[in-house]
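Colleague: The residues making up each chain are set out below.
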Amino acid sequence: MVTFENYEEYMMLYADGELPEAAIEKLLDFVAQHPELKGELNAYMSTRLQPEMEMVFADKESLLQPVPEKKIIALGWIRYGLAAGLALLIGIGVYRLGNSDKTTDHNIAVTKQAPATQQIAAKAIINQTDTVGIHPATLAPHKNQIRKKQDVRKSMENVGHMQKPQERNNNIATLRPSSDQGFAVNIKPYVSDIYTVADPIIIDTKKPVKKSRLPVADESKESMYVLGAAISERVQDVKNFTANIKTTGMGFNIGSKEIKVNF
Amino acid sequence: MDIYSYNACVQQWADALFRFAYKCTGHEEDARDVVQGAFEVLWQKRDDVQKEKAKAFLFQVTYRQSVDNYRKKGKIVYKEAEQIDVAYPHNPDLKKILDKALAQLDEQARALVLLKDYEGYRYEEIAQITGLNEAQVKVYLHRARKILKAYLVNVENII
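If you read the protein sequences in the order shown, they are chains L and X. Going by numbering that gives the first Met the number 0, the residue at position 17 of the first sequence is 16; the numbering climbs one at a time, nothing skipped. Going by numbering that gives the first Met the number 0, the residue at position 118 of the second sequence is 117; the numbering climbs one at a time, nothing skipped.
Take these hints with a grain of salt, some might be off.
What the hints assert, rightly or not - Partner residues aside, some chain L positions facing chain X, computed with beta carbon under 10 Å:
1. M10
2. E17
3. D58
Unchecked claim - For lysine-lysine, the following DSBU-like pairs were computed, each having C-alpha atoms within a straight-line distance of at most 35 Å:
4. K99(X) <-> K25(L)
5. K37(L) <-> K137(X)
6. K71(X) <-> K137(X)
7. K59(L) <-> K50(X)
8. K145(X) <-> K37(L)
9. K37(L) <-> K99(X)
10. K25(L) <-> K137(X)
11. K59(L) <-> K52(X)
12. K95(X) <-> K25(L)
13. K71(X) <-> K59(L)
14. K59(L) <-> K137(X)
15. K99(X) <-> K59(L)
16. K25(L) <-> K145(X)
17. K72(X) <-> K59(L)
18. K71(X) <-> K25(L)
19. K94(X) <-> K25(L)
20. K238(L) <-> K256(L)
21. K59(L) <-> K44(X)
22. K71(X) <-> K50(X)
23. K94(X) <-> K59(L)
24. K95(X) <-> K37(L)
The hints are simulated quantities; they were obtained by calculation from the structure and are not laboratory data. Just so it is clear, CB atoms sit at the ideal spot from N, CA and C, and this is done for glycine as well.
Using the sequences plus the hints, can you model the full thing?
Modeller: Encoded structure:
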């Protein structure tokens with residue numbers, strides 16, 4: 000409660016800005032009830048100083064501390080070297096990635112086309128029977144008698160047993176191409192999926208393969224069957240051999256692509 | 000406090016400190032020296048002073064140095080106080096009269112009034128800066144108010 004004994008205390012607290020809102024109302028009510036105190040209240044309120052904002056500290060920069068500059072590593076030409084090296088690494092990665100994709104595609108293509116290639120190759124070799132020079136005399140075929148494939152296989156097995164491995168290799172070696180006969184398709188096994196023959200197969204591009212019956216004599220046909228059976232046996236040997244090879248390999252990642260190399 | 004915070008304090012508080020120091024010491028060059036010294040102390044103790052407490056720390060150092068400076072020189076002569084023009088009694092410059100009234104206070108009371116009116120510190124904060132307790136601050140401030148009021152009333156009476 001504001002009284003004549005404490006009103007001056009209220010006024011000084013009011014001038015100091017320390018008087019609560021409720022107490023301010025009480026003081027103002029008391030002053031309103033006693034107007035003779037209004038001049039004294041104004042005098043106390045006039046003692047409040049106002050800062051002179053125009054008064055400033057000149058040359059504040061002299062008080063500032065210099066901010067240390069960030070160290071800039073002058074790489075110079077090293078920067079370009081690093082960039083070139085990085086570009087080279089990326090290029091190698093892209094190149095290997097591209098080759099890996101191509102090789103895989105090629106492998107798949109060869110694998111898919113392998114049966115057809117074998118058939119074509121077999122037919123092509125049949126066309127060249129005369130140049131191969133294998134004589135089926137040991138089989139003692141009958142003229143004008145068409146044998147079933149089963150019989151031919153059995154006969155070929157006999158040939159295989161009778162021939163020495165070196166001779167068999169020579170027979171296959173004779174299949175190697177001459178420069179004027181065409182090109183050799185060297186279908187090598189890739190990865191673990193070894194399905195095709197390991198030796199080159201001659202495809203005679205000059206003589207198109209015909210699906211119709213061959214215009215040859217029956218004696219020659221016997222020789223062809225024998226030769227075809229021998230090739231089939233050779234293919235089967237290679238398949239059996241490769242099937243026994245244990246697949247090994249290694250893998251690594253380039254980016255998000257995983258590359259596996261089996262051998 | 001890092002160097003960036005320190006430099007921010009310079010930009011933010013140098014002027015206020017200078018005004019306070021100038022009103023305490025009464026001399027512009029002394030005020031500059033006091034402010035410069037306060038920031039030197041802050042820089043030396045930047046690892047111990049938190050960013051939020053930097054302003055109070057600066058005013059504390061400035062207060063002490065200003066009081067010491069005043070006690071060495073002993074007299075305040077404000078330029079503004081010398082320029083009070085009594086030829087215009089019906090239009091007195093209240094600010095200049097107040098400067099003269101302020102010069103009548105002792106160095107401690109003057110500093111308390113300045114901290115209260117210029118910076119708006121509360122009793123508790125002023126106590127922390129000046130090293131007094133809150134009750135002392137209140138008593139000294141009220142005593143200073145009475146002196147200032149009495150000076151203003153007497154001037155009005157003269158006028």
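Colleague: Hints first: check each against the structure and report whether it holds.
Modeller: For each hint, the structure was consulted:
{"no.": "1", "hint": "M10", "in the structure": "holds (8 Å)"}
{"no.": "2", "hint": "E17", "in the structure": "holds (6 Å)"}
{"no.": "3", "hint": "D58", "in the structure": "holds (9 Å)"}
{"no.": "4", "hint": "K99(X) <-> K25(L)", "in the structure": "holds (33 Å)"}
{"no.": "5", "hint": "K37(L) <-> K137(X)", "in the structure": "holds (23 Å)"}
{"no.": "6", "hint": "K71(X) <-> K137(X)", "in the structure": "holds (27 Å)"}
{"no.": "7", "hint": "K59(L) <-> K50(X)", "in the structure": "holds (19 Å)"}
{"no.": "8", "hint": "K145(X) <-> K37(L)", "in the structure": "holds (16 Å)"}
{"no.": "9", "hint": "K37(L) <-> K99(X)", "in the structure": "holds (24 Å)"}
{"no.": "10", "hint": "K25(L) <-> K137(X)", "in the structure": "holds (21 Å)"}
{"no.": "11", "hint": "K59(L) <-> K52(X)", "in the structure": "holds (21 Å)"}
{"no.": "12", "hint": "K95(X) <-> K25(L)", "in the structure": "holds (33 Å)"}
{"no.": "13", "hint": "K71(X) <-> K59(L)", "in the structure": "holds (26 Å)"}
{"no.": "14", "hint": "K59(L) <-> K137(X)", "in the structure": "holds (34 Å)"}
{"no.": "15", "hint": "K99(X) <-> K59(L)", "in the structure": "holds (28 Å)"}
{"no.": "16", "hint": "K25(L) <-> K145(X)", "in the structure": "holds (21 Å)"}
{"no.": "17", "hint": "K72(X) <-> K59(L)", "in the structure": "holds (26 Å)"}
{"no.": "18", "hint": "K71(X) <-> K25(L)", "in the structure": "violated (45 Å)"}
{"no.": "19", "hint": "K94(X) <-> K25(L)", "in the structure": "holds (30 Å)"}
{"no.": "20", "hint": "K238(L) <-> K256(L)", "in the structure": "holds (31 Å)"}
{"no.": "21", "hint": "K59(L) <-> K44(X)", "in the structure": "holds (20 Å)"}
{"no.": "22", "hint": "K71(X) <-> K50(X)", "in the structure": "holds (32 Å)"}
{"no.": "23", "hint": "K94(X) <-> K59(L)", "in the structure": "holds (26 Å)"}
{"no.": "24", "hint": "K95(X) <-> K37(L)", "in the structure": "holds (24 Å)"}
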